[in-house]
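Asker: Use these hints to put chain B onto chain A, whose structure you have.
Residue numbers (full-length UniProt numbering), protein chains in the order written: chain A, 1 to 598; chain B, 1 to 598.
Check each hint, because a few of them may be wrong.
Said to hold, decoys possible - Only pairs whose alpha carbons sit at most 20 Å apart, straight line, appear in this in silico EDC-like list of lysine to aspartate or glutamate:
1. B/Lys257 to A/Asp161
2. B/Lys113 to B/Glu138
3. A/Lys398 to B/Glu129
It is worth saying that the hints were derived from the structure and are not from the lab.
There are 2 protein chains.
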Amino acid sequence: MDSDFGIPRELSPLQQLRSQYQPELPPCLQGTTVRVELGDGTTVSEASDSHIIARAFPHTLGQPLAHFLRETAKVSDAHIITQLPSIRVGIVFCGRQAPGGHNVIWGLYEALKVHNAKSTLLGFLGGSEGLFAQKTLEITDDILQTYKNQGGYDLLGRTKDQIRTTEQVNAALKACTDLKLDGLVIIGGVTSNTDAAHLAEFFAEAKCSTKVVGVPVTTNGDLKNQFVEANVGFDTICKVNSQLISNACTDALSAEKYYYFIRLMGRKHSHVALECTLQSHPNMVILGEEVAASKLTIFDISKQICDAVQARAGQDKNHGVILIPEGIIESIPEVYALLKEIHGLLREETGMRLFFLLLHPESDDSAQLSQIETEKLLAYLVETEMNKRLKEGTYKGKKFNAICHFFGYQARGSLPSKFDCDYAYVLGHICYHILAAGLNGYMATVTNLKSPVNKWKCGAAPITAMMTVKNWSQNAGSTSTSIGRPAIHPAMVDLKGKAYELLRQNAEKFLMEDLYRNPGPLQYDGPGADAKAVSLCVEDQDYMGRIKKLQEYLDQVRTIVKPGCSQDVLKAALSVMASVTDVLTTISSSSNGGQQTA
Amino acid sequence: MDSDFGIPRELSPLQQLRSQYQPELPPCLQGTTVRVELGDGTTVSEASDSHIIARAFPHTLGQPLAHFLRETAKVSDAHIITQLPSIRVGIVFCGRQAPGGHNVIWGLYEALKVHNAKSTLLGFLGGSEGLFAQKTLEITDDILQTYKNQGGYDLLGRTKDQIRTTEQVNAALKACTDLKLDGLVIIGGVTSNTDAAHLAEFFAEAKCSTKVVGVPVTTNGDLKNQFVEANVGFDTICKVNSQLISNACTDALSAEKYYYFIRLMGRKHSHVALECTLQSHPNMVILGEEVAASKLTIFDISKQICDAVQARAGQDKNHGVILIPEGIIESIPEVYALLKEIHGLLREETGMRLFFLLLHPESDDSAQLSQIETEKLLAYLVETEMNKRLKEGTYKGKKFNAICHFFGYQARGSLPSKFDCDYAYVLGHICYHILAAGLNGYMATVTNLKSPVNKWKCGAAPITAMMTVKNWSQNAGSTSTSIGRPAIHPAMVDLKGKAYELLRQNAEKFLMEDLYRNPGPLQYDGPGADAKAVSLCVEDQDYMGRIKKLQEYLDQVRTIVKPGCSQDVLKAALSVMASVTDVLTTISSSSNGGQQTA
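The following block holds chain A by itself, in its conformation from the complex (with noise of 0.2 Å):
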């Protein structure tokens, strides 16, 4: 019901607490005053995809990367405030809620009334329909009160993920031109900011004045890249599941008598279930990349578990704790192609059932993982062999007890942790300064983000810089490919990446020797309080950073020597600069070279 978007709610008193938290902003954007740097005009990741790319792209490809700095200001702020122009943002929940939302919000909120007091936020109410249908909720102090830090998209709601259609292009472009916007922000994870850059392109092409933002929402972790650290609600989903899968390890522990089967969240990828193992050491997790990787069948996966279940029997362990990623599902590739058929069948609308299960197509017409009960299936698998092998006495250990569960929903409407809250209050402000700068297709950034807020770098990145094409074959079999459409794509869990090497460092111990760990219920205060996911503090990111370190080099050369340098200088550069582009270009198009499409 429209009429309950944005009413203020009854709170509890940590939620109380929590509205009156104040983020605090990276020292770039303080003051009133923020100085954006532009860098290089962007390339894409996957040279061959360059030239579709570009055909999709021709208006918003190749723009610059923008950094955004602090104002060694010497006019005075007021004068600064009064000089700009008030503006119009639209903003919109588009996908899956993820904790920290709000904040996104608020933070643009602040921004633009710092910036301009008579600047006018709409949020649209439900979703991308909302947009549509050009219904919104004018953003004040009033009504943010009850919403700051607090989790949920119902401020203003959320249906559909979709900008895809003419239809909906065209309705999105009517309402941005109806309200007058100078902005609208995409809050949502991959398939969103696709959208956005699509959206952003569709708008240069109509001489639109609406500049399309989009910020990196989203709790399956997977819209990471050069420029995207983190996801807003990924900190806090892995806390809320670990936390949990910690009670079930100290609840195996007590009891000794029952493997727990544990499936998460996430999508297609494994981030959160590789995040939440770091943070609470499971027994065993197996991550949808390795199961891709090996091309293992359930039945190989099922063995890997029993021979599991078996050497720890030997050790006199009845219990466990096995973290299951609802995407593995789709890596088995016998189970893929059931699910493919499943798929055909669900929309010849024959209603099929399976195990007791309903399947509703998702709204990116992917059958929705999440109903399937991969967990139960892998138990009766690993029981009935266990079963097989105490009868046929190769096992001699306890008669095997599972007990699934499935972490889902539960999680997703968390209170925000601290450090998405953070995140997403300073995406918001972030979302203002592109506007001002009037870039268009960009999405919000932030880096070096396992440091403090205080060393926080800011900046945008166009979002074509992040798209490859996929090339689907039509039937197997057949050498017919057609061509996907430009998007960014969920990014894996990298199995080169430290994160993946230090669960390798340590699964055989977390395997054998129940090293449990209980990081316990999210805090705000106290130790934990300011605890980040583990993936991201051992990764070396921060990207941005390099190239712009990457650029203060080249100046350092290029002012060394300037005209009227030694000529033993000038031929030491040159010797030494001819190395470095060799060695570069060789790198170059040897990675590119092990492109499949090359």
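Answerer: Here is chain B on its own, set in the frame of chain A:
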């Protein structure tokens, strides 16, 4: 593996902080001297049961209540301590693990050592099995370090719940004799405390000098009676579940398209579901006690839910959260009949499987409720009915979508709340004083729990005074009944009590107005850290305090009307006391007359 018990655990920063937390003692237990005051002999609550209970407990029935009071010590502390003999005590976890259990051990250990450093506390490893097999671990400061204020039962572990068969009680007797125990402390719920009472009687009969003490520790919250206000673990379980329920509510309100059907653990009765409802205000809860009282069939229940869904759709609300206590299934007449049948089949080991569910017989011989997916059954029935109504045109709302969750084992291993830490620690201390007072067959009790710790009243009640006898009809329609063994029966939710009244007053608003309240994750600092269960706070409790107050009045009358007092005073006293006695006799007999077996 036994060698795993009591080993130091790796603690997270929050766990480390918690391990440093020192619970407070109520004034009556502070210092080294505690005075025990014995009140009047106790009776059983159902007069009609008394002769059966008397026959079963010739040695331990009718013992007085004990109150522990502060000694206005005149002797030096040191002197007192050296006077106390060293004692040997065994302690065992029985039944399902509850957060806080470890603190009973810690509290008892502290009390033992304060009074005589030579006293010994032996933990039995692996629950009652460890008791029978005499597997022990001597508790030391070092061992306790990483278990103070921590969840689970992993310090000692637990296996089966029973100490009941002749073989088992004989093994327990032998263990206590062999180990020269002065006391045996049993930590558990209704079943284990019933066993404790029978064991105490058996020991008394066998002239074994070991005194048996019970401690009310169970997440179900169903060990409630005049003497016991709350159980260790219930507070934590309800807070963890309320956090998750609230998250689901926020999620429902954000997506506006799902109904969450959430099943909660809690065994036969619905205390956990009631408390969680009062904490987080979901749209609907169906208590087993209501179902039983109104004799609702499963179709009545699903129709109630359908009507609610329809009414909400009339207000454009297509989302909601519905709590289903696990025990509800046993309260439904036709399902109960079915369960009895299944249970019979299981005994015959036909290995029957129902709905992909594996039903294992529980140690207390009832079907394992937590494995019956009532939430899915109800969601399915509601969906079918809503689709029918939609087709018939009697329902005009959106398509009904349900998502099912089971909040079970993920709460049980939680870090205990401050309340549970404090309560368990104090109960541990009380166990010592019960043993020091030479009492046998008592349960440690704390009353006035809703007040701060410095107002808590500590005591002990004979377990027999909490017992009732249930008669079971042999066959439907048959008049022959078998008389049950005297036992503490799980308390039902009192449909005349204040907690239920509070729910009824708000039920309509909760249903229609989405007054969702999010208590947030369990905090150890700041708002909410000292919150207590709503159902604890609304009830007028402190039965033992009131019994004590009554005795004070009687003593005052006796003092005023001493021989030698004036005729007028005596006359007035006689007249007043005659009517008081009349009134109480009438009330007392009518309340017994209301009993089935009277």
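Asker: Please write out, lowest number first, the hints stated earlier that are contradicted by the structure.
Answerer: none
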